[in-house]
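Engineer: Each protein sequence line maps, in turn, to chains A and B.
Residues in the first sequence are numbered consecutively from 1, following the working numbering.
Residues in the second sequence are numbered consecutively from 473, following the working numbering.
No lab work stands behind these hints: they were computed from the structure.
For glycine and all other residues, C-beta sits at the position ideal for the given N, C-alpha and C.
None of the hints are false.
Here are some, though not all, of the chain A residues that point toward chain B, as calculated from beta-carbon distances under 10 Å: (1) I20; (2) H25; (3) E30; (4) A36; (5) S43; (6) K47; (7) D155; (8) K178; (9) A196; (10) I301.
As a list, the in silico DSS-like pairs of lysine-lysine whose alpha-carbon atoms are at most 27 Å apart: (11) B:K581 - B:K494; (12) B:K610 - A:K41; (13) B:K687 - B:K670; (14) A:K46 - B:K675; (15) B:K551 - B:K581; (16) B:K581 - B:K493; (17) B:K493 - A:K294; (18) B:K581 - A:K5; (19) A:K5 - B:K687; (20) B:K610 - B:K666; (21) A:K41 - B:K675; (22) A:K4 - B:K687; (23) B:K610 - B:K687; (24) B:K494 - B:K551; (25) A:K5 - B:K721; (26) A:K294 - B:K494; (27) A:K444 - A:K171; (28) B:K666 - B:K494; (29) B:K670 - B:K581; (30) A:K4 - B:K721; (31) A:K41 - B:K670.
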Amino acid sequence: MDTKKIDNIISLSNDLRWQIGDEFHDNLAEGIYADAAEIVKDSVHKKDEKGAIRIDAKIDKIITSKVWGFPLMFLILALVLWMTIVGANYPSAMLSGLLLDTVHPALKGFAATMGMPWWLDGFLINGVYLAVAWVIAVMLPPMAIFFPLFTLLEDFGYLPRVAFNLDHLFKLSGAHGKQALTMSMGFGCNAAGIVATRIIDSPRERLIAIITNNFSLCNGRWPTQILIATIFVGALVPATYSGILSLAAVIGVAVLGMVFMFLVSWGLSKTVLKGEVSTFNLELPPYRPPRFWKTIYTSLIDRTLIVLWRAIVFAAPAGAVIWLISNIYFGDSSVAAWLIDSLDGFGFLLGLNGVILVAYIVAIPANEIVIPTILMLTVLVTGISGGAGAGVMFELDSVTATGDILRAGGWTLLTAVNLMLFSLLHNPCSTTIYTIYKETKSVKWTVVASILPVIIGFVVTFLVAQIWRLSA
Amino acid sequence: MEVKPKSACEACPQFNADGLKKLGVNTTDFDFVVALAGNPNTGKSTVFNAMTGLRQHTGNWPGKTVTRAEGAFEYNGDKFKLLDLPGTYSLLSTSEDEEVARNFILFGKPSVTVIVVDASRLERNLNLVLQILEITSKAVLCLNLMDEAERNNLEIDTRTLARDLGIPVVPTSARYNRGIPELIQTISELANGKIVCKPHRIKNIPQNIEQALEKLSTEIEQVYPDIPNSRWIALRLLEGDRNIIETLKTGEFV
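Just chain B, same shape as in the assembly:
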C-alpha cells in the first residue's frame, strides 16, 4: 500500500481540486447527507475536520466526541452535509452513549455512510463494518491511521479487502491529509450512483437465527413498507429490546 502525496493527487485530473470547497458549518441546501461512523478513537473527527475545514475537537481517547457534529463541503457542484457521529462498537449494543450514532446509522437514511476504521485493528473494527453492511448498500471503508499500520509493519491488500467487503476501500492518514481527496471523490461517485456496491452479507449466521429473522422481517415490512432495515428491527425484537417494541408501536423511528 502506498499513500500518494497530497500534491500529486490533487494535481491529478481524476480529482478535480478546483471542484472542492470546504464549507465549514454552512450546511444549508445540501444535496447529500454523509455519515461518518466507526469504532471509538479511529479518527472520525480528524477525517471530518480534513473534509470540512472545521476544527472539531479531537483527542486520543475513545469517547472524545459525545455529540453529533455537522459540517459541509462542496464537490463538483454537489453540496454534501457531513455528520461526525460519536464512536460505536456495535449496532447490537444498547448503551446510551452509542445511541446517537446507532439511531442515525439505522434510521437517518444517509446518502453515503463512511465507515472509518483503524487499519492496525482491522479485524476488531470489522465487527461494526459487517453490521453496517447488513443495512446499507451505499458505504465506503475509510482505512484510516495507515501511517500507524505501516509503522506496525502491516500490509493491507486494499483491493482484496474491497472485493471481499463489496464496497470501495480508501486508505487514509487523515492527520496528514493523506487519502482525503480520494475519499471525497469516492463519496461523490457513490452518492451519484457511479459506483454501485454489492455489500458483503454475513455468511456465518446460524441457520435457525437466519430463518427467524426472515420470518419476522417479512412481517415487519408488511406493516412498515418504507423502513430501511427490517432485519435489524427483527434482531432487536429477538433480543427483547423494550425500546424497539415501543418504537414499533409508535412508528417513530428516528
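One chain only, chain A, in its complex shape:
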C-alpha cells in the first residue's frame, strides 16, 4: 500500500476542509433536503386535511400529558398484571393436575414395574421430571398471557410514549432516555433487555442501562412475587380485597425496582460513570392497530416457547442438583440440611432464612425455580408431611396449603416481604450474566452488574429486618 499517497490524501482533505468552511455539513444536508422536497412536491398529493395523523396527535396529547401520562402508565401496567394473575390461575391448576397428579404417579408406577433402582428413579423422576413439570405448570400460563399482551402494546406503539414520559426522570438520573425502552424489554426478560441497549449510542449511558436492567422485574420473577403476595399480603385483609391488595403489592415491588433503577443510574453517573447526558431524537411512531391473532400467534411461538424452553433446560439439571444435595449425606445430615444450617444465621439477619438463601444459590441458572426449591427444602427441614419425600420438588394444589407449609417453616410477614424484595434485588440469572459479558466484553463490568444488585439486596433486606424487629 502506498502510505505516502494516503498521507497526501489526508493532508489534501485537511486543506479542502479549511477552504469549504464550517457550514459544510449543514450546506450538504440542506442540499439533500432541497432535492427531497422537489421530488415529493411532484409525486405526493394530500387529498384533504383530515386523517389519522390528527387522531394520533389527540391520543398522544392524553397519554403523554403531564397529568395523565403517569396514571395511565400505572393503570396499563396494573391491567396487564391483573389479566396475567387472574387469567393464569385456571390453566395453571389444570397443567399441574395433569403433570403432577396424573403423569408423575404413572411414571413412578412405570419405573417400579421396570425395577428401576430407587436412586435412579429418584434422580430422574423426582428430581429432573418434577422440576421440569413445575416450570411448565407455573411458568407457561402467565407467560402465555403476559408476552402477547406486552407484544400487543409494543405493536400498537405505546413503548416510545413510555420513553417519552420517563425521559425527564432518566435525564435527572444522568442516564439515556432510551433506557425506558430497554427497561420495558427487561420486564419480559433481562437478557433481551440487555441486548436491546444497543440502541443507546453513548458507551457510558449504555453501561448504565446494562448494569441497571436487572431492576426490571423479569418474567422468571413475576410468579414468585405473585404467589408470595397472594399468600402473605393478600391474607392481611378480608377476601374481597385480598386480590387488589396483592396486586398492589406486586406493582409496588415493580415500581420499587424502577426507583432503584433511577437511584443506581444516578449513583453511577455521579461516580464511576461520570459524563454528560446525551440528547437524542426519538420518533413517536404512528399508532398501528395490532394484527391481533398474528401477534398472539408469533409471540406465543417465538417468545413464550423460547423462554419456556430455556427455563426447562436450566430447571432439569437444577432439579437433579436439589435431589442430589438432599440425598447425599455427610455423617447424619444431608448436604442440603448442612448448607441451610450454616446459612440460617446470615439469613436471619436479612429477615430471610437459610432455606431461601440456598434456594437462590441453586436457582442461579433460572429464577423460575426459586419457589419450588424453597418449598421442597422447607419440607425437608421441618420434616412435616405433605411433600413427596427428601429432595422432591413439588407444587401444592392450593395456595393455602403452600402457605401452611411456609408458616410451618417459620415464615412470617417479614420473611415474605423480604423475599419479595430479595427476588427483586439479587444477582441476574446466568443467561443474563453471560449476555452482559457478550455485550460489554468486559469481565469488570460483568462482575459489577452481577454483584451490585445482590449487595443492594443484602443492605435493603437487612435494614428492613432491623427496623421491622425494632418497631414490632
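Following the hints, position chain B against chain A.
Structural biologist: Okay, now just chain B, sitting in the frame of chain A:
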C-alpha cells in the same frame, strides 16, 4: 395508487408464484445478496418476514432491530440471501447503533439494495434514499405502509416518483403481504440486469463542496481502484472522521 389483492397478483403469469420458495434461515449457496435498508420503524423486518417466511421480531418503535438478521428465498431458480439491517437515518451520521447498517450499505457490495420507506413520511425518508442512490445503482424503493398512507389521504404518484428517483418503486403493505410478489419480481429483474437504473444524483450540492469531493475521490480511486464509493469516503474525510482515516490507512473497509 391501488394495491392489488394477493391472489390476483400471484395468479398473474407475470409473477411466477411457483418460482418462489421461502427458504427461511437456509442461506447457503446464494446467487445474490439483497440488503434491506431504511429509516427506523419503516417495517423492514416485516418486509423481511414476508419474503423469507421467517418470524424476525417486529415492533412499532424505532430501534427494534439491533442486529443484522439473515434469511433467504429462491425465485425462478435464483437463490437470494436477504439481510435485514437495523434502521438508519443517514449515512452521514457517526452514531454507533447505525454503524452495522451503514457499513454494509457502503462496503458490503449487495447485489440489490431495497430501500424501505414509510409512504406517509416520504419527504423525511428521502434523505437516506438520496444518500444511498449516490453510492449504488442497483436499488429499488419499497414504498411501505401504503395502507396507512391511504388512511392519511395521501396519494402517491409512483410513476413520477420512479422517474424522478431513477429506480423502480414498488408500493407495499408488508403487514398484509400486499405488494411483496411485485417486490420480489423487481428484485429478481434488477439482480439479473433486466432493469437498469439511472439513479438520481443530488443536484443541490453547493459548488465548492462538489469540487472538493471530486478532487478527493479521484485521489482515493488512484490508491483503491476497487472501492465502490470513493465519493462517500471523500465526504467523511472532509468531515474529519477519525475512523475513516484509520480505515483508509489499513484498507479494511468492511
